[in-house]
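Engineer: Chains L and E supply the protein sequences, listed in that same order.
Its first residue numbered 6, the first sequence is counted upward by one per residue in the numbering used here.
Its first residue numbered 8, the second sequence is counted upward by one per residue in the numbering used here.
Hints in this document: simulated from the structure, not taken from any laboratory.
Mixed in with the good hints there might be a few duds.
[Said to hold, decoys possible] Pairs of lysine to any residue residues, derived as SDA-like cross-links and limited to a Cα-Cα distance of at most 25 angstroms, are as follows:
hint : chain 1 : residue 1 : chain 2 : residue 2
1    : L       : K18       : E       : P120
2    : L       : K17       : E       : T380
3    : L       : K17       : E       : Q294
4    : L       : K108      : E       : V23
5    : L       : K17       : E       : E10
6    : L       : K213      : L       : T46
7    : E       : K27       : L       : T46
8    : L       : K108      : E       : A132
9    : E       : K27       : L       : K18
10   : E       : K249      : E       : P120
11   : L       : K108      : E       : D201
12   : L       : K139      : E       : Q294
13   : L       : K18       : E       : S200
14   : L       : K108      : E       : A295
15   : L       : K18       : E       : K249
16   : E       : K27       : L       : L137
17   : L       : K108      : E       : E10
18   : E       : K27       : L       : Q127
19   : L       : K17       : E       : A103
20   : L       : K117      : L       : T46
21   : L       : K139      : E       : F214
22   : L       : K17       : E       : F214
23   : L       : K17       : E       : I19
24   : L       : K17       : E       : L101
25   : L       : K17       : E       : F373
26   : L       : K129      : E       : R32
27   : E       : K27       : L       : K213
28   : L       : K139      : E       : R32
29   : L       : K129      : E       : K249
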Amino acid sequence: MLEVRGLTKEYKKFTAVNQLSFQIQPGEIVALLGPNGAGKTTALRCIAGILRPTSGEAIINGFDVVQDQARAKMGLAFVPEVPSLYELLTVEEHMKFIAMCFKTMPTFERLKEELLERYNLQDKRNALVATLSKGMRQKLSVACALVHDANVLLFDEPLIGIDPEGARELKDEIRRARDGGCSVLVSTHLLDTAEKMCDRVIIMRRGKMIVQGTVDQLRSLEGMEGKSLEDIFLSLTHEDKESPSGQ
Amino acid sequence: MNEFLDSSRPLIFLTVQSVKNGVVRAVTNIRRLIGLIFFIGYYLFVFIRPFDRSPSPSIPVPGQGPLKLPPPSVLEPWIFLIFAGLSLLLSISLPAYKSTFRPADVDVLFATPVSPRIVMLWRLARDYALTLLFPLFFVIIGWRGSTAGIQALFANFPQYGNYVLRALSGSWLLLALAWTCMGYAVSLFINRSDQESNRNRLWIYVFAYAPPALALATFVIQLRLNFSLATATATLVSPWLKTLFLPATAATEIVMAPLTGNLLLAVGGGTALILLITASMRIAFGQAGWMYDQAAARGFDAVEIRNLARRGDRTGIAAMRAKSGQIRSRGLSARIARQTITGPAATLWREAILQVRSGIGSNVFFALTMTVTVGGIVWASRGSARTGPIIGYIFLGSQVFSMLLMGLSLTQQGFVETLRRVDVLKPLPFTPTKTVFYEIVGKSVLNPVISGFFSLALIPIAPRLTPEILANFLFLPTVSILVSSATFLVTILFPDIDDPTQRGFRSLMSMLAIVITVAPGLLLAAGIIALHASVFIAAIIGGLVNLGIAIGVAAIAGGLYAHYNPSE
């Protein structure tokens, strides 16, 4: 389970994330939406323990990601938007490195073969990461995230750069994770996908959460009746509009 | 301990596999193999060559006549000076952000449960190893001289010499560790993303740089009062200087113990350094959580800037700095931008704006440093009759040297940029020769202006340098034009801007071309000065020779540029 309470991240005088609070229950997929610069990636990086929040907390399976970093991260997997990987490791070595970090070597050999097959990486197992295409890197990044037994998954724009087959596979993977009891947070610009795949959405603008709820709950907001998620999103994030109170 | 080893295992795996795969990759690709051979050859040349010669007969060796070991009172200040110098060099990078993380560390390693303290420990160990190598580089380069010198120094006291060398190594091990740990403690403290960082940074700058500045100023004042070696030596052992450079003092006490027999001071020095290391480590590890934050917030930019610098993309670097708010379109550049210049001279207008926005800072700093150094020497030695004309030569030499370095730094990447923007420049309604001419002039104006501006400030403190300072206004612009022409010629001869092997080769060739083209005018001017003729005559004749060569070189470069096709 993931719980975020009053998360704030400031860079000098600029507030990238402002008092963000939400919960994701086990078996739930939540989409994090917002225009460019809304603070989605910063929020995800704070939750993943990469950036240090200025205030507030991110609790993963009951452990604070700042105070109890190691235990919190044991249950967490993070897939960045444009994955920067270790160029001089092979695909297999990269996965092994992650398994070593998470101390899941006993199950690694079995899981590795499964993931390599699932993401069509078998032929590339001995290829250096430096030689992989963008799509292959994205697949490897996802495979690495699944190498350990995480139950909180964070995806930052996971479908960018992946071919349609890979995208379908990844969406199925995310749903499988949800069905397996994981809490999944997906940051995306693909509103159709968010509408179809996610149980709930959070919309951010200028670092603040302006609304959260199911798509049906958003439709019940004043003036949003019968609208698609895309229309609701554009109405709420348009710079001229005042944000309604979130649910 | 088990936990430490367990957590370190992935990091060892990552390092070993990356190195192994890197070597395999290098030897299986012909272009990379050439680069590797060049790299190994260079280091073999640098490191092996010094061993491949018999000792010079001019340096005394053990057993060849008595040599008087300097007494501890003479030896101590010079050992202190070495440690203080090393401390000063290491302190320069103290507040800098430790940009040793790669984007992959941020995206992959930081999201794993490996403790930031363990990651920091490994980084610290790696930086410590690199810091230890720092003086070794100089020792190996000068191996023949340094070994003979050290042997000679302790020729009559082999038993002491042995201890002193051990103490020297031990104290450097401690001093290097102290500076490495202090570097982490300070860097993590002042490079945070919170607002307190700015205030902290100010205090750290004051604490880190005020002591050396104060020490240097007092040293110069003492020398001015009495310009002699005895004064320099006495100043180096003064209590205030020892206090200002406490780590260097502690290291010196360890080295001096075998000679002075004062073991108590050595223990005191060692204890002080160990305390400093412990305290710095404690502070650094206490901030380990901020390490990831800083790397994630700044790491990508640092890596990107490094890559752009490798490619010679000055505009790209400036664009990155502009993106982060470090460069703004206001101030001097905005005032220049408001002017209107038409025709090919608009190239000068564009160049002035770009240089003010991107490349002026380091050259201004360099020119200022050179002027302050020469000014300090002139000011300190005013009372000494021995230094007479030497000061004039030092000034002239330093000015030409600055012009060469500043010119090289500005033009080398600047002309790569000219080739990179060929699609913008060639459609302009000028002949290629004119384009090249204005490009060369555009990159030759700023450096003599900066250098001349600072050298004018020397006139009040060194009126006797006035002829040299004024003569330089005639000579330096021609050197600057020559440096630009020579660099442009080399750039157009080796135009593959993205090939890393050609990049290094181009730098070497640029330096060679500059030396060859600048030498005739410079030697002629030096010869005229040596004949006791006026420096103005030397500057005019030397300058005319420079201009003649520059025009010839620029004409050749213009012809090549006319046929330059980036896609070939």
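Engineer: Name the hints, by number, that the structure is in violation of.
Structural biologist: 1, 2, 5, 7, 9, 10, 11, 12, 15, 20, 21, 23, 25, 27 and 29
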